[in-house]
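Visitor: If you read the sequences in order, they're chains A and B. Every letter in the first sequence is one number past the one before it in the working numbering, and letter 232, counting from 1, is 232. Throughout, the working numbering is defined as the position within the second sequence, counted from one, plus 329.
Misleading hints may appear alongside valid ones.
Said to hold, decoys possible - The calculated lysine-lysine pairs, modelled on DSS-like cross-linking and capped at a C-alpha distance of 27 Å, are:
hint, chain 1, residue 1, chain 2, residue 2
1, B, K579, A, K276
2, A, K84, A, K276
3, B, K567, B, K517
4, A, K250, B, K605
What the hints contain is simulated information worked out from the structure, not anything from laboratory work.
Number of protein chains: 2
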Amino acid sequence: MNHSYAIVGSGALGGLYGGMLANAGAEVHFLLHSDYDHVRTHGLKVESQWGDFDLPRVNAYNDPRAMPPCDVTIVAIKTTLNDKLSELLPGPTRGGGNVLVLQNGLGIEADSIAVVGEDRVLSGCCFLCSNKVGPGHIRHLDNGRIAFGEGRQFGQITPRVRSILADFRSAGIEIEAEPNMGIVRWKKLLWNIPFNSLSVILDASTEEMMRCEATVELARSIITEVHDAAGRCGFPIKSKAIETTIEVTKKMVPYDSSMRLDYLAGRPLEIDAILKAPIAAARQAGSSMPRTEVLAHQLAFLAARRCGPGIAPASASREHAPRSADRST
Amino acid sequence: MNHSYAIVGSGALGGLYGGMLANAGAEVHFLLHSDYDHVRTHGLKVESQWGDFDLPRVNAYNDPRAMPPCDVTIVAIKTTLNDKLSELLPGPTRGGGNVLVLQNGLGIEADSIAVVGEDRVLSGCCFLCSNKVGPGHIRHLDNGRIAFGEGRQFGQITPRVRSILADFRSAGIEIEAEPNMGIVRWKKLLWNIPFNSLSVILDASTEEMMRCEATVELARSIITEVHDAAGRCGFPIKSKAIETTIEVTKKMVPYDSSMRLDYLAGRPLEIDAILKAPIAAARQAGSSMPRTEVLAHQLAFLAARRCGPGIAPASASREHAPRSADRST
Numbered sequence: 001m002n003h004s005y006a007i008v009g010s011g012a013l014g015g016l017y018g019g020m021l022a023n024a025g026a027e028v029h030f031l032l033h034s035d036y037d038h039v040r041t042h043g044l045k046v047e048s049q050w051g052d053f054d055l056p057r058v059n060a061y062n063d064p065r066a067m068p069p070c071d072v073t074i075v076a077i078k079t080t081l082n083d084k085l086s087e088l089l090p091g092p093t094r095g096g097g098n099v100l101v102l103q104n105g106l107g108i109e110a111d112s113i114a115v116v117g118e119d120r121v122l123s124g125c126c127f128l129c130s131n132k133v134g135p136g137h138i139r140h141l142d143n144g145r146i147a148f149g150e151g152r153q154f155g156q157i158t159p160r161v162r163s164i165l166a167d168f169r170s171a172g173i174e175i176e177a178e179p180n181m182g183i184v185r186w187k188k189l190l191w192n193i194p195f196n197s198l199s200v201i202l203d204a205s206t207e208e209m210m211r212c213e214a215t216v217e218l219a220r221s222i223i224t225e226v227h228d229a230a231g232r233c234g235f236p237i238k239s240k241a242i243e244t245t246i247e248v249t250k251k252m253v254p255y256d257s258s259m260r261l262d263y264l265a266g267r268p269l270e271i272d273a274i275l276k277a278p279i280a281a282a283r284q285a286g287s288s289m290p291r292t293e294v295l296a297h298q299l300a301f302l303a304a305r306r307c308g309p310g311i312a313p314a315s316a317s318r319e320h321a322p323r324s325a326d327r328s329t
Numbered sequence: 330m331n332h333s334y335a336i337v338g339s340g341a342l343g344g345l346y347g348g349m350l351a352n353a354g355a356e357v358h359f360l361l362h363s364d365y366d367h368v369r370t371h372g373l374k375v376e377s378q379w380g381d382f383d384l385p386r387v388n389a390y391n392d393p394r395a396m397p398p399c400d401v402t403i404v405a406i407k408t409t410l411n412d413k414l415s416e417l418l419p420g421p422t423r424g425g426g427n428v429l430v431l432q433n434g435l436g437i438e439a440d441s442i443a444v445v446g447e448d449r450v451l452s453g454c455c456f457l458c459s460n461k462v463g464p465g466h467i468r469h470l471d472n473g474r475i476a477f478g479e480g481r482q483f484g485q486i487t488p489r490v491r492s493i494l495a496d497f498r499s500a501g502i503e504i505e506a507e508p509n510m511g512i513v514r515w516k517k518l519l520w521n522i523p524f525n526s527l528s529v530i531l532d533a534s535t536e537e538m539m540r541c542e543a544t545v546e547l548a549r550s551i552i553t554e555v556h557d558a559a560g561r562c563g564f565p566i567k568s569k570a571i572e573t574t575i576e577v578t579k580k581m582v583p584y585d586s587s588m589r590l591d592y593l594a595g596r597p598l599e600i601d602a603i604l605k606a607p608i609a610a611a612r613q614a615g616s617s618m619p620r621t622e623v624l625a626h627q628l629a630f631l632a633a634r635r636c637g638p639g640i641a642p643a644s645a646s647r648e649h650a651p652r653s654a655d656r657s658t
C-alpha cells in the first residue's frame, strides 16, 4: 500500500471502502459519530458481493483532532453535513495530505477546498448500493465502482491519482481514474436528479416508476434537461446516455434512492448539491432547468413539512378511505 | 324566467345553480346518477351563503332520454365523464335548445359541440366553493360567481347570453357575461394548474403550501408559465394577475382543491382538461410548458398507482418512523 487513509464519515460508503483498504493491509483511521463506542469495541463487519470480512480491531476516533495526519483523507459524509468540514478536516490533513471527496452532487469539492486549498483536493463519484444495517455493520448490495480524478484540473491523470488508484485496486475495489470529473459528475446527475427526487416526491421505488409510462416519459424529459444543461456548462455527454439511463433503471432491482432513505429516516435531503447547484451552474451558463426547479421546490416543501414545526401534513397518509364530499372549483 | 333548464350532473355545482333557478320559479329538470332515488323522494336541500332552502319536490331523472326538451342544458359533470355526453345530451337538447358548459379546463366545449354543434354551445367558468355533503344535499361554502359567454365567437355578448344572464340574476346567482371566454378560462388555469396539481402531488392544502416559501416560489413560477402560454395562445392576461393569484390564495380559507378531493375519493383526475389541453395549446402556438408537463406526469403516475392494479404504493404512508438503514448512491 502506498498511502495511509483517514475516513471522515464511516457509514455505508466510508465503512465499505475504508474497511476494504484496512482489510488489505492499509493503515486506515476511521472517524465515527453515533457508532463510535460500538466500533471501538467490536470493530467493523462488512458483507459485500466482493467478499465478506470482519475487522475486529480498527483505528476508531470520535474526535478528528485526535486523528494522526494521513496521506489521503476520504470525505464520505453527506453534503448536508459539509458545514462541519472546517472542524473535521484539519486533524487528519495537518501533515499536508490530500483529500478525496466521495460525495454526490455538483460543486461539492468547494467546501473541502475552502479548508485545505484547491491543490490538495481530488474528486470522486461512487456508483454504489450499500447499506449500514447496524452499528459498524455494512452491507454492500450492488455495483460499487468509483470514478475519480483531479478535482479542478480537468484533462490529466496525475501521479497522485495513479498511486491512490493502485491502493484501491490492491484492496479489490473497482475504480477508474477519470481525466474529466466534471463530465462524470453530470453523468451521475442524469440519474440522481430524476430518480432521487421523484422517489421522494412520489413516494415510489424506481421499479414502480419504471412500470408507468407517465413516469418513464417524465424521467426522460428531466434526463434530457440535465443532459442539455451539462452541454451548456461545457461538459458534453453523448445523447445516447439519455436512453441508457432509462434502460439501466428499468433493469435495476427495486431500489430506494439515497434521498428517499434520507427522507424516510428524517435526515436532511441533499437538495443543494444534487439539484440547486446544477440549476445555478446552468443559469450561469445562460441556460435554465425548469423541470429540475420544480423538483427542487417540491422537495424543499416536503423536507420542511417533515422537519419544520409549523407545517403539518394535510393528512396522515397518501392512502385514504374514499370520502363522499364532492366539492367544486 | 325566460327559459327552461336541464341540469346534467346535479352535484355540488349543478345542484346548487339548478336548485337556485328552481327555487326562483324556473322550470328545471335534474339528471341524477347515484342520488336519483333519494332526490326523487326527498328533493334537494341547499345550504348556501346566499340563503338556505329546501326543494321537497324536483323534476328528477336517471335516464336522459326521459327528460323533456329544454331551452338550456347545463353541463355540470366532471370532464372525465365527457365521453358520456353523446348519451346524456340528445334527450334534453332535442328541441334545439342551447348547451351551457360549466366545466373546468381548456377546450372542454369540444365534447358538447361534437353532440349538438358549435352554434348551440355556450361556455362558462364557475369560481365556486361548494360541497355535496350527502345525497341531494349541497353546501355552498364560498364564492360562486359564474363568468360565461359564447363558446367560440369571441368578442360579443349575444342576446341569448343576455337572456340567460337575466334568469340567473333573478335567481340570485352572481354571474357576469364575458366577451372573451378564452381569457377567462386561461385566468382560471392560473389557479387550477398550480394549486389543483400541487395539492395532490404534495398531499397538501393551499394553506400549507402558502406557508412555505419554496411552494410560494414554485407556484409563482408555474403561474408565470401559464400566464406566458396564455399570451402565446392569443389570450393576453395582465401580468399583475400573477401576484394577485398568489395573494388571493394566501388569504383563502384552508381549502382542498377539487382535484385533491377527486384524488382522495378515488375519482379520476381532470388531468386532460386542466393540464394536457393547455400544454397542447401552447405547443401548437410554438411554446412549451415544461413545469406543467412535470405536474401532468406526476399526477398521471399517482392516479395510475391509486387506480391501477399493477402499481402499489411503495409504502403505506408518507409519515414513517425513522429507519436506521443508511444507503449510498
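Visitor: Check the structure against each numbered hint from earlier and tell me which ones fail, lowest number first.
Guide: none
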